[in-house]
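Asks: For reference, the chains in residue letters:
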Amino acid sequence: MRPRYIAIALTLVMVLVASGCGFVTFARVSVNNPLRVGDVAFITPGRTTFVTVVDRLGPPNELAELHDGIVATYYFLDAKYSRVNFGWFARFWLPVSPDVVLAGGGLGTDMFQVLFDRDWVAIDAAFAYHTGTPSFSPWPFRN
Amino acid sequence: MLHPALLRALGVMLCLSLCTACAWSRGTLGDDLKRDTVEAFQKGVTPRSEVIAKLGAPDRVVTAHGRDIFQYYHYDMKASSLILIIVNFSRFTIKSDDLYVFFDKRGLVDEVVFGKRTEGMEFRFWPFKD
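If you're matching them up, the sequences are chains A and B in order.
In this text, residue positions in the first sequence follow numbering that gives the first Met the number 0: the first is 0, and each later residue adds one.
In this text, residue positions in the second sequence follow numbering that gives the first Met the number 0: the first is 0, and each later residue adds one.
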């Protein structure tokens with residue numbers, strides 16, 4: 000993954016973790032629109048051209064040359080974070096406000112790559128890795 | 000029974016009394032890529048030097064099948080938070096505009112691929128909707 004992309008993601012995750020001082024916090028970070036299997040189903044190896052892919056998905060975030068073609072990469076991310084601070088209620092009868100925090104979140108990050116031949120016709124397409132869209136769940140002890 | 004308008008007003012006042020803060024933030028990475036500038040590039044006519052003069056040095060240069068490709072990108076982030084007494088909602092949205100200018104072997108523009116994902120991007124604080 001590209002350094003600038005990692006930097007953006009990590010910065011925002013840090014912001015999310017540090018944000019919020021209420022009883023319950025819900026936060027979400029989206030980088031570009033997540034691509035789903037149905038969004039890329041139109042790509043037919045050996046037939047779909049680069050122009051068609053760009054028309055449907057927009058320009059890729061990265062192009063890189065291989066020895067026998069070009070690979071176009073689309074990056075996207077969907078992160079969710081939720082947090083419950085049970086110590087928040089203590090502020091009503093204690094001089095200090097202790098934190099008793101349960102928090103959880105997940106990064107649904109993914110790359111979609113399309114491989115083109117020298118004539119800019121798609122010869123393969125795949126999600127690089129798919130962690131799935133996370134859910135809002137502040138319970139950190141789940142498996 | 001309260002009048003519906005009065006009920007709505009009371010509802011708004013209740014919401015406002017629970018609202019302790021709101022925040023809107025904005026951040027960008029790279030120069031904004033203007034559609035007018037990109038559309039001025041003519042295939043087979045515009046030289047590499049003119050592209051550089053109008054957009055500056057590219058963020059990346061890729062070579063593919065013996066042709067140079069200049070890549071320019073621009074990131075836009077909009078973040079909003081609604082901070083209530085008990086519950087807080089935050090939403091960060093980041094989108095990128097990417098421009099690729101393909102040059103032929105003579106150094107003239109051969110193809111331009113441009114997309115503005117950031118158009119129509121709104122400030123949102125509700126995190127439960129796509």
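There may be inaccurate statements among the hints.
[What the hints assert, rightly or not] Computed cross-link-like contacts, SDA-like style, restricted to lysine to any residue with a CA-CA straight-line distance of at most 25 Å: (1) B:Lys42 x A:Thr48; (2) B:Lys42 x A:Ala63; (3) B:Lys128 x A:Arg117; (4) B:Lys104 x A:His66; (5) B:Lys42 x A:Val53; (6) B:Lys42 x A:Asn32; (7) B:Lys42 x A:Thr51; (8) B:Lys128 x A:Gly21; (9) B:Lys42 x A:Phe75; (10) B:Lys128 x A:Gly57; (11) B:Lys77 x A:Phe75; (12) B:Lys128 x A:Val39; (13) B:Lys42 x A:Asp116; (14) B:Lys33 x A:Asn32; (15) B:Lys128 x A:Thr51; (16) B:Lys104 x A:Glu64; (17) B:Lys128 x A:Val36; (18) B:Lys33 x A:Val50; (19) B:Lys104 x A:Val36.
Quick caveat, the hints were computed from the structure, so don't treat them as lab data.
Asks: When you check the alpha-carbon spacing of Lys128 of chain B and Arg117 of chain A, does it fall within 25 Å?
Replies: violated, 40 Å
Asks: For the pair supplied as a hint, Lys104 of chain B and Val36 of chain A, is the alpha-carbon distance within the 25 Å limit?
Replies: Distance ~37 Å between Lys104 of chain B and Val36 of chain A Cα, so the pair is violated.
Asks: Starting from Lys42 of chain B, check that the Cα of Phe75 of chain A is at most 25 Å away, please.
Replies: Violated, at about 31 Å.
Asks: For a C-alpha distance cap of 25 Å, please report whether Lys128 of chain B and Val39 of chain A respect it.
Replies: Holds - the C-alpha atoms of Val39 of chain A and Lys128 of chain B are around 22 Å apart, at most 25 Å.
Asks: Mind checking the alpha carbons of Lys128 of chain B and Val36 of chain A for me, to see if they're no more than 25 Å apart?
Replies: Status holds; Cα separation ~19 Å.
Asks: Hinted pair, alpha-carbon criterion (25 Å max): Lys42 of chain B, Asp116 of chain A. Please report holds or violated.
Replies: Between Lys42 of chain B and Asp116 of chain A the Cα gap is close to 22 Å, so the pair holds against 25 Å.
Asks: Given the proposed pairing of Lys128 of chain B with Gly57 of chain A, does the C-alpha separation stay at or below 25 Å?
Replies: holds, 22 Å
Asks: Measure nothing beyond the straight line between the CA atoms of Lys42 of chain B and Asn32 of chain A; if it is 25 Å or shorter, mark the hint as holding.
Replies: The hint is violated at about 30 Å.
Asks: Is Lys104 of chain B within 25 Å of His66 of chain A, Cα to Cα?
Replies: holds, 19 Å
Asks: Does the alpha-carbon distance linking Lys128 of chain B and Gly21 of chain A stay inside the 25 Å limit?
Replies: Given that 25 Å is the threshold and the Cα spacing comes to 21 Å, the pair holds.
Asks: For a C-alpha distance cap of 25 Å, please report whether Lys42 of chain B and Val53 of chain A respect it.
Replies: Given that 25 Å is the threshold and the Cα spacing comes to 18 Å, the pair holds.
Asks: Taken at face value, is the distance from the CA of Val50 of chain A to the CA of Lys33 of chain B at most 25 Å?
Replies: holds, 21 Å
In summary, the numbered hints that this structure violates are 3, 6, 9, 15 and 19.
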